[in-house]
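Each chain, letter by letter, is given below.
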Amino acid sequence: MARKRRKSAPPACETAMTASSKPTISALPAALLSALLPGLGQFSARQRYRGVSIFIGFLILTMMTLWYADPRWYFSPVLVWLWNIWDAARQARSQKNGFLLPVLVGLIAAYGIGWQVLQIDFSTADMNRATHILRPMLRPDFIQERRETNEMWVEIFVPCGTDVPTARHEMDGKVAIATPDCAAVLETVIVNVSGMWPNAETEILWETPIGNARMLGGNEDAMLVQNTDENGSLTVLIHVPSLALAGAPDPTLSLGHRVYFNQHRPIGGYELSFVGGEVLKGALVTIAMALMATLFAIILAIPISFLAARNLMSGNPVTMAVYVVVRTLLNILRSIEALIIAFIFVKIVGLGPFAGMLALAFHSVAALAKLYSEVIEGIDPGPIEAIRATGANWVQVVRYGVIPQIVPPFTAFTIYRWDINVRSATIVGFVGGGGIGFLLIELIRISDMRGVSAVFITIAVIVIALDYFSAKVRERLV
Amino acid sequence: MLRIQNLSKTYPSGTQALKNVSFDVQDGEFMVVIGLSGSGKSTLLRCINRLIDPTEGKILWDDVDITAAPPAELRQIRRKIGMVFQQFNLVKRSSVMTNVLSGRLGYANPWMSLIGLWSADEKKRAIDALDRVGIADKAGERADALSGGQQQRVGVARALMQEPKLILADEPVASLDPVLSHSILQYLEQLNKEGITVICSLHFLDLVHRYATRVVALKDGVIVFEGSAQEIDRAKFKEIYGEEAQEVRAASL
Ligand SMILES: Nc1ncnc2c1ncn2[C@@H]1O[C@H](COP(=O)(O)OP(=O)(O)OP(=O)(O)O)[C@@H](O)[C@H]1O
Ligand SMILES: [Mg+2]
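Chains F and E supply the protein sequences, listed in that same order. Quick note: the first sequence, position 475, residue 475 per this note's numbering, numbers continuous. Every position in the second sequence, counted from 1, becomes a number in this note's numbering once 478 is added.
Derived by calculation from the structure, the hints in this document are not laboratory data. Take the hints with a grain of salt, since some may be wrong.
[To be verified] Pairs of lysine-lysine residues, derived as DSS-like cross-links and limited to a Cα-Cα distance of at most 30 Å, are as follows:
#1 LYS472(F) <-> LYS616(E)
#2 LYS601(E) <-> LYS616(E)
#3 LYS370(F) <-> LYS347(F)
#4 LYS602(E) <-> LYS570(E)
#5 LYS602(E) <-> LYS497(E)
#6 LYS570(E) <-> LYS370(F)
#7 LYS472(F) <-> LYS570(E)
#8 LYS558(E) <-> LYS570(E)
#9 LYS616(E) <-> LYS671(E)
Whenever a hint applies, use it, and build me the whole structure from the sequences.
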């Protein structure tokens with residue numbers, strides 16, 4: 001803010017003015033005036049710009065410190081006020097004076113207040129937490145060993161109600177039992193499973209009636225893993241997860257939750273992991289979403305671009321008015337981020353790639369129409385004239401004189417837009433627009449950092465590949 | 479014979495570019511139009527094939543009134559009038575071949591031409607035209623990959639495709655160096671000798687002397703001189719180009 005003052009009245013300019021106009025006021029009254037109202041003394045000493053700038057700068061600085069209301073910063077306007085009195089006296093005596101002090105004070109205040117407002121606190125960056133988050137990211141969840149799964153479950157009712165069935169489940173020679181048969185949230189349950197593969201790691205997982213998986217290890221944030229004994233049996237004590245009833249329509253209703261026991265063993269070779277599959281699917285959706293949005297945008301943008309081309313529309317006042325209106329609308333539309341439009345479309349058509357596509361299309365129409373119209377404005381009239389001169393008819397003139405001039409740049413801009421749309425599509429996914437962005441947000445929510453890193457890598461690969469491809473195509477066309 | 483009768487052109491902006499211009503061009507002439515920049519040379523040439531519609535006056539070509547021709551007839555007339563431009567006016571992104579072929583649009587089957595299909599005969603014609611101007615080997619290149627002189631030859635080849643009876647050349651060599659200028663004008667001279675009437679605007683008097691069979695000079699849209707190049711003496715020169723321009727022009731002679 002203090003910098004602003006400097007811009008509007010650079011010191012070099014001041015000295016020049018001092019030399020040309022003699023002050024009409026002596027030092028003491030000038031100082032007094034500036035003490036009363038910062039800048040007034042300078043103003044009276046014929047330093048109009050300086051006076052006004054000092055006044056505005058002082059006002060901004062004062063308002064800033066008062067708004068932040070931290071007494072530690074009150075010194076800054078006071079310092080500037082004092083400097084201003086001294087400066088008024090100097091100006092009245094036609095002495096040169098720089099702007100260094102108030103600018104410095106203003107900058108320090110702005111910097112300090114900014115620091116506090118942003119709550120910059122490097123001590124929150126905990127190394128352990130960072131490691132905990134980042135280490136899994138070194139092993140992106142794309143492929144996994146091919147393996148077979150041995151699955152078993154038992155049903156427990158939460159909370160307890162009347163007529164709760166026995167928590168016992170038999171299947172393929174396996175038996176799983178829970179005691180007691182029902183429990184409330186956070187209560188302890190003993191589960192026992194037998195007939196599983198012996199001496200094998202077994203994942204123990206909770207699944208709510210609405211299909212949400214809850215982890216049972218650590219603070220419910222890690223997979224509970226136990227080994228079976230040599231007979232394939234396992235007994236473990238679990239707590240009903242605190243979130244077992246989260247999202248349940250009626251938490252008082254006693255419903256069957258399942259405790260799953262999963263064993264895996266490799267059968268050789270590798271396969272796409274579940275998350276890896278989802279990432280690829282998401283990537284395809286995102287690319288398709290961007291492609292469809294671009295196609296829709298082209299269809300609308302081409303006719304609009306003709307209305308937004310000055311050289312075509314400047315013929316008469318009516319078309320000129322259309323041009324101005326269309327241009328203004330395009331500029332407004334273009335300035336709204338696709339992300340924000342996506343919020344609105346998610347409200348209108350619901351979550352999913354369709355909302356994302358509409359948002360991207362909307363934004364792209366404006367962006368493409370502007371680019372297209374600039375291409376049209378840049379058409380060289382010479383070749384068109386030359387083709388008319390050969391006796392060609394109207395359609396032939398368009399085909400041989402206009403199209404060759406606009407199609408390559410149109411194509412180049414369109415591919416460039418598609419490129420941008422793929423990037424935006426991932427972001428638009430964050431707010432529910434579907435595709436890989438939506439998947440990313442979900443993975444972050446469940447802290448699946450290996451999945452997150454798979455998404456990061458996929459996005460990077462797509463963006464780099466598309467970037468390269470679009471640059472190559474544009475190089476050829478332009 | 480081309481008869482230009484009382485031709486006037488006033489642009490919508492109010493500029494009166496041509497004022498009551500009348501002259502005749504006999505078949506087979508190499509008529510050169512000279513005059514200062516802004517004197518109306520381009521306007522005059524563009525009126526002849528009606529790239530610009532004149533405000534008043536008539537242009538009769540073999541007793542057909544070009545100025546009154548309806549669109550279809552106008553296209554028939556235009557295809558017999560080749561045009562060469564100072565800025566070449568090639569479609570830069572298209573190939574040399576396509577640029578030359580586009581000179582044939584007035585003859586081609588409209589539907590075939592729209593999908594870019596050209597008969598073998600037309601393609602052969604295009605290669606022949608390029609051959610005449612000595613750049614048949616450049617047929618496949620993009621027009622903007624050629625040098626200025628080569629581009630203007632493509633311009634001439636395009637005009638040739640029209641089998642023109644008249645060629646309008648609007649400062650065809652103003653963007654070229656003197657050597658290239660002569661080579662382009664020699665092509666036009668050659669065509670002229672084969673019976674094609676040429677109307678050409680030029681800036682440099684040495685070129686005028688060398689190629690013109692007759693000269694028309696414009697000044698502020700009015701004809702101030704009509705005759706042979708040899709008749710342009712110092713006094714006439716001053717009249718055409720004005721007092722101040724004299725030394726500059728004289729130096730370039
Ligand atoms: N499209 C137009 N709209 C309005 N005025 C024009 C237009 N084209 C030309 N003029 C004006 O008409 C007058 C004659 O222009 P013209 O281009 O015919 O001159 P010229 O002799 O060809 O000049 P040059 O040697 O610079 O090409 C000039 O005053 C010019 O400003
Ligand atoms: Mg001209």
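Checked hints:
{"no.": "1", "hint": "LYS472(F) <-> LYS616(E)", "result": "holds (25 Å)"}
{"no.": "2", "hint": "LYS601(E) <-> LYS616(E)", "result": "holds (14 Å)"}
{"no.": "3", "hint": "LYS370(F) <-> LYS347(F)", "result": "holds (28 Å)"}
{"no.": "4", "hint": "LYS602(E) <-> LYS570(E)", "result": "holds (22 Å)"}
{"no.": "5", "hint": "LYS602(E) <-> LYS497(E)", "result": "violated (44 Å)"}
{"no.": "6", "hint": "LYS570(E) <-> LYS370(F)", "result": "holds (23 Å)"}
{"no.": "7", "hint": "LYS472(F) <-> LYS570(E)", "result": "holds (20 Å)"}
{"no.": "8", "hint": "LYS558(E) <-> LYS570(E)", "result": "holds (24 Å)"}
{"no.": "9", "hint": "LYS616(E) <-> LYS671(E)", "result": "holds (26 Å)"}
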